[in-house]
Amino acid sequence: MAQGTVYKSQTFSCSVPQTDIEKEEEKIILQQVIILDICINFTMKMLAVSVLVVAMMALTHGADSCDFLKEFGAMKEKQRVMETRLTDSETKLKESENQILELKKKERTVVVFSAATDQRGTIGPFRTDTTLVYKVVKSNIGNAYSQSTGTFIAPVPGIYYFTLFYHAGGSRPAYLTLMKNNEVVVTTSDHATSHDGADNGGNAVFLQLKQGDCVYVRLRANTHVWGSNFGTTFSGFLVSQV
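Following full-length UniProt numbering, the numbering of the sequence shown begins with 1 at its first residue and continues without gaps.
Treat the hints with caution; some may be incorrect.
Said to hold, decoys possible - Below 27 Å or equal to it, Euclidean Cα-Cα: the simulated DSSO-like pairs (lysine-lysine) are:
{"id": "1", "residue 1": "92", "residue 2": "78"}
{"id": "2", "residue 1": "210", "residue 2": "138"}
{"id": "3", "residue 1": "94", "residue 2": "78"}
{"id": "4", "residue 1": "210", "residue 2": "135"}
Source of the hints: derived by calculation from the structure; they are not laboratory data.
Working from the sequences, and respecting the hints, build out all of it.
Printed below as a string of structure tokens:
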């Protein structure tokens, strides 16, 4: 009977945004950017008009220069306050633009791979633990999986989902380990039995990876898996950037 064992269990507390939610957030931020831009342009025009109105009123009503200077000084103070507010608004506008760029960048990042072994007969047993190389690549969007080494290298930081499955003969033991860098993440195994003809097993896990982290599958020494007919696979994809 195939068994799955989890080592160093980790709990991830995270919210995985959906694509439609990201698009809605981008739409809202874009609307805020447009509104802020309109407000900035309108306020600057109103300040210029207000100064002109004060000057015209002074000329029309024959106000003395002292009264005009007081009115003009008050308008200049209002202008200074408004310029400060506009500077704050421009800062928020820039932050909103950066948020839009970040959302678009996240939406464009797609990482998916799936590969299988193609060796005829069995792979193993070997005298030492051996990294499995899955040479039949079914998909490799983002080119993060290496067909020559069997290693997946995270192109961006985020939450990833990985699966590993195998087919093996019941008369020999099977033992696969999913590794992150040099750390055991999960395993899947089967004990040798005399009454079993063949077995299938597998495991899966969510992993939070940093850019450059390596994920791969190792076959334990003195165990085996079946290499042909695409029964032994390694797959993964990016769920969400963090």
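Pairwise hint evaluation, residue 78 against residue 94, where the allowed Cα distance is 27 Å at most: holds (24 Å)
Verify the proposed pairing of residue 210 with residue 138, using a straight-line Cα cut of 27 Å. holds (25 Å)
Take the C-alpha atoms of residue 210 and residue 135, compute the straight-line distance between them, and say whether it is at most 27 Å. holds (25 Å)
Between the alpha carbons of residue 92 and residue 78, is the straight-line distance 27 Å or under? holds (21 Å)
When each numbered hint is compared with the structure, no violation occurs for any of them.
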